[in-house]
Amino acid sequence: MSPAPSATGPVQGRGPQPVEGHGAGNPGQPSSTLTWSSRRLLDAILRVREVGIVAVLVVFVAVATSVQPRFIDPQNIKFVFSNAIIYALLALGETVVVLSRNVDLSVGSVLGLSAYLSSDLFSQVHHIPIVAVFLAGLAIGLACGAVNGAVVAVARVPSLVVTLATLYIYRAIDVLIVGGGMVVASTLPGAFLSIPTSSLGPIPYLAIAVAGTVAVGAYVLASFRPGRELYAIGSNPDAARLAGIPMGKRIFWSFVVSGGIAGLAGVLWAATYGTIDSTAGLNYELTVVAAVVVGGVNIFGGSGTVVGAALGALLLATINQALYVLGISSFWDPAIDGALIVLAISLDHWITLRLTRALRKGAVQHAT
Amino acid sequence: MTGFGTMQPVLSLEEVSKSFGAVRALEDASLELYRGEAHALVGENGAGKSTLVKVLAGVYRPDEGRLLVEGREEVFATPASARDAGIAVIYQEPTLFPDLSVAENVFMGRQPLRSGRRVDKAAMRRRVEDVLGPLGVKLDPDRVARGLSIADQQIVEIAKALTLDARVIVMDEPTAALSAYEVERLFGVVETLRNRGAAVLFISHRLEEVFGICQRVTVMRDGRRVLSQPLAGLSSDDLVRAMVGRELEGRSSHQGAEGGKTVLSVERLTREGVFTDISFEVRSGEIVALAGLVGAGRSEVVRAVFGIDRYDAGRVLVAGKALRKGSPSIAMAAGVGLVPEDRRLQGLVMELSIASNVGLASLGRLARFRLLRRAVEQRFAGEWSARLRLKYGRLSDPVSTLSGGNQQKVVLAKWLSREPRLLIVDEPTRGIDIATKAEVHRLLVELARSGVAVLVVSSETPEVLRVADRVLVMREGRLVAELGHEEATEHAIVAAATGQREVAA
Ligand SMILES: Nc1ncnc2c1ncn2[C@@H]1O[C@H](COP(=O)(O)OP(=O)(O)OP(=O)(O)O)[C@@H](O)[C@H]1O
Ligand SMILES: [Mg+2]
Chain A
1 MSPAPSATGP VQGRGPQPVE GHGAGNPGQP SSTLTWSSRR LLDAILRVRE VGIVAVLVVF
61 VAVATSVQPR FIDPQNIKFV FSNAIIYALL ALGETVVVLS RNVDLSVGSV LGLSAYLSSD
121 LFSQVHHIPI VAVFLAGLAI GLACGAVNGA VVAVARVPSL VVTLATLYIY RAIDVLIVGG
181 GMVVASTLPG AFLSIPTSSL GPIPYLAIAV AGTVAVGAYV LASFRPGREL YAIGSNPDAA
241 RLAGIPMGKR IFWSFVVSGG IAGLAGVLWA ATYGTIDSTA GLNYELTVVA AVVVGGVNIF
301 GGSGTVVGAA LGALLLATIN QALYVLGISS FWDPAIDGAL IVLAISLDHW ITLRLTRALR
361 KGAVQHAT
Chain B
1 MTGFGTMQPV LSLEEVSKSF GAVRALEDAS LELYRGEAHA LVGENGAGKS TLVKVLAGVY
61 RPDEGRLLVE GREEVFATPA SARDAGIAVI YQEPTLFPDL SVAENVFMGR QPLRSGRRVD
121 KAAMRRRVED VLGPLGVKLD PDRVARGLSI ADQQIVEIAK ALTLDARVIV MDEPTAALSA
181 YEVERLFGVV ETLRNRGAAV LFISHRLEEV FGICQRVTVM RDGRRVLSQP LAGLSSDDLV
241 RAMVGRELEG RSSHQGAEGG KTVLSVERLT REGVFTDISF EVRSGEIVAL AGLVGAGRSE
301 VVRAVFGIDR YDAGRVLVAG KALRKGSPSI AMAAGVGLVP EDRRLQGLVM ELSIASNVGL
361 ASLGRLARFR LLRRAVEQRF AGEWSARLRL KYGRLSDPVS TLSGGNQQKV VLAKWLSREP
421 RLLIVDEPTR GIDIATKAEV HRLLVELARS GVAVLVVSSE TPEVLRVADR VLVMREGRLV
481 AELGHEEATE HAIVAAATGQ REVAA
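Protein chains in written order, with my numbering: chain A, 1 to 368; chain B, 1 to 505.
It is worth saying that the hints were derived from the structure and are not from the lab. Bear in mind that the values here come from a model prediction, so they are computed numbers and not experimental data. The C-beta atom is built at its ideal place from N, Cα and C for all residues, glycine as well. Fair warning: there could be bad hints in the mix.
[To be verified] One-sided excerpt, in silico: chain B residues whose CB lies under 7 Å from chain A: (1) 60; (2) 80; (3) 98; (4) 99; (5) 100; (6) 109; (7) 146; (8) 227; (9) 324.
[Stated by the list, open to error] Within a straight-line C-alpha distance of at most 25 Å, the following computed SDA-like cross-link-like pairs (lysine to any residue) qualify: (10) 325/B - 354/A; (11) 138/B - 116/B; (12) 138/B - 110/B; (13) 121/B - 213/A; (14) 325/B - 353/A; (15) 138/B - 451/B; (16) 261/B - 219/A; (17) 138/B - 181/B; (18) 249/A - 86/B; (19) 121/B - 78/A; (20) 138/B - 226/A; (21) 78/A - 66/A; (22) 138/B - 168/A; (23) 249/A - 112/B; (24) 121/B - 66/A; (25) 261/B - 273/B.
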């Protein structure tokens, strides 16, 4: 999670495990088929991850519905989506950060700050256009993200430490500003409040918009240099430096993106819940990190997709809502998020081990 | 190849110095590289070779001195600026991204773009295939780098250099982990590069390689250049003398020893598809060498014996007692030590100090003095560092600051100092300079004479001949020959390893 431990050799830890001399295999076998099949295996596992989440989701919904048919009421589905939208957005930003072997724990606090300050504008400035409120939320998020990014990239403090500090600092600022007060729905324009609720059947337009955003994010990370370089930095920071990647710049901007998205998510949060006090977004970082990890993004960077992370967010939102519908106290939510993190990381570790072994076998044949 | 004097060097370093704290890694070092030459850079471990490479690569900024490209002074602020100036570097440690595809590894930071500044994946794949094809390498460009063999990792690094169309290609000990066949292939690449007019800087501790492909040589000692001239007319003794700064004592071959009680017996050990039906014994006081080509399954056998890898059938007995399989800690408790092949990965804790790393395996022995631990550790490490001619700043420095070869020495020290009953050493002198090689050999022999059973895996036949009392030869996962001290000749070993002649085991 911390940036490049410079004292560590590049092949330490998660680096490529050299397998010199592992080559008593049958040299008669054509190497190409093996490398191809190992690649198929990799593809399969990566695809399985996203397919796997969808499968778990379906099973979960089925079970929850059979216990409590109310679970698939359109109203309930809308609830799931409105939560998932916010988590998925935050997970998108978080993924950008985590890919480079960093973490942003301040997203919940940034969301809270932005939710209050932006929605409060409606009573401060008469007839302020809704777009301006969104831009304000975005700006707040970008500023918070820039602070995180600058300290991590320039002062080279591990992001875990920096964002743990700003998690508290941003929340403290929020509490100072809000005090005992709150923004209530009656001060917010109807058009603003209807943003999350207008829907196409049970699916809110916003969900479609967020899905589109995630798709764009996935495309950018897959097809543009800065995106690829984030993967490279997370995969092997020492090698990334040697490849001439501007690491500080990339990491700085990844935090800015995460902050900006959290800022936007804050405005949406305000529109969704209508009542905003200083606890908005409290503990969200846990759910978001869980969503990212459950979605198959390696917590040590280098691999994973935003699509997986968004699906992870959908899964967590569904689980949380199901617990609510089934009458289980929300007290258990964090425990379940935590358990899922452990489960997902163990699964990742196991997959990586299996994969490395499988890929080595391919390489062995090749080496002879 | 003596007419270089009149040409302008593509790249030159003039009196470059670089210090790390108190360690002067480079002192007024100079180097000139000319178009179309393969230039050898040799020197003992810690002489400053890799540091010089990193200065060329823009990783380190020199404290003093100038760097000229085609006669113009340049300052490389980052590795990217060195790359843009046409300098490609294959580092001593592989620098791959395990999660990314081979093609992405090759082009990271400089991917070809198509419309809208999007990465052109098809072009990337095509260009990788274009450079790998002529090398006769079948490596799927879309495969992830995770799990590639060292040789294939090297191929990816070479592909980087080739697609860069570099005018200077630096190879820092590229052959250390390659088999003879792969070294041949690499030499072919060097030849091609030379013919294209590129300059190749080639670093190796194997002088026969240097004489095989290079035209000129620069020798470094203690951060300084001591010699720079055409190789024609030089002998390897001349180079060694320049490197070491003194005459090396003659190579004394030891007498074969008989060996006492059986310490290790391996009975019909089999791991499907890797090695089959391996049986042998190692007695106390003798050195047994496991020879064969890279890939014959030797490392796998010793790893299975030590419990790192599993095996499907057979038994391993230490001093008559069967060893549970798959447990290195039980093997260690039974008095077995293993110096692994890839030491950086398996042998060192990079962030810990040199002293702690040396002491690591002997913790039990040193811990008797609890309070005095640190002092004892220091003295102990000091002793071993001197024996292995370790080059370091302070014993309290992290191991990661040592040169590649010196890191190898620390791993050796760690295990030699542990005084095991059975010591298994996989490639004992890989990456270690000539002067220390002799010392390592002497230490192994000394250890054996003190009653330790020693099992050595080595791909270097001269090394096998120098230390072994008995030689076991493996080929394609099977033991194909056992040669006594008298029978073991270069010819016999190579013949058995390559299958030209079978000798009953
Ligand atoms: N980052 C660093 N910090 C401190 N000392 C260093 C660092 N890098 C290198 N050194 C020291 O500089 C000296 C030269 O190291 P260098 O890696 O250049 O040696 P080398 O000639 O490449 O040796 P080898 O053949 O073992 O690879 C060594 O004494 C080493 O300990
Ligand atoms: Mg070196």
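Given hint residue 86/B paired with residue 249/A - CA-CA distance at most 25 Å: Between residue 249/A and residue 86/B the Cα gap is close to 24 Å, so the pair holds against 25 Å.
Would the hint linking residue 138/B and residue 110/B be met if the CA-CA limit is 25 Å? holds, 23 Å
Keeping to a limit of 25 Å between CA atoms, is the pair of residue 138/B and residue 181/B held or broken? Within the cut-off at roughly 15 Å; holds.
Would you mind confirming whether the straight-line C-alpha gap from residue 121/B to residue 78/A stays at or under 25 Å? Violated, at about 40 Å.
Given hint residue 146/B near chain A, where the shortest CB pair must fall under 7 Å: holds, 6 Å
With the threshold set at 25 Å, check whether the alpha-carbon distance from residue 138/B to residue 168/A stays at or below it. violated, 53 Å
Pair hint outcome, residue 261/B versus residue 219/A [Cα-Cα no greater than 25 Å]: violated, 67 Å
Does residue 451/B sit within 25 Å of residue 138/B, going by the straight-line distance between their CA atoms? Distance of about 48 Å is beyond 25 Å: violated.
Need the status of pair residue 249/A, residue 112/B: alpha-carbon distance at most 25 Å? Holds: residue 249/A and residue 112/B sit about 21 Å apart, inside 25 Å.
Chain A contact restraint on residue 109/B - CB to CB distance below 7 Å: holds, 4 Å
Take a quick look at whether residue 121/B and residue 66/A sit within 25 Å of each other, Cα to Cα. Not satisfied, since the Cα-Cα distance of roughly 47 Å exceeds 25 Å.
Take the shortest C-beta to C-beta distance between residue 80/B and chain A; is it under 7 Å? holds, 3 Å
Comparing the model with each earlier hint shows violations of hints 1, 8, 9, 11, 15, 16, 19, 20, 22, 24 and 25; every other hint is respected.
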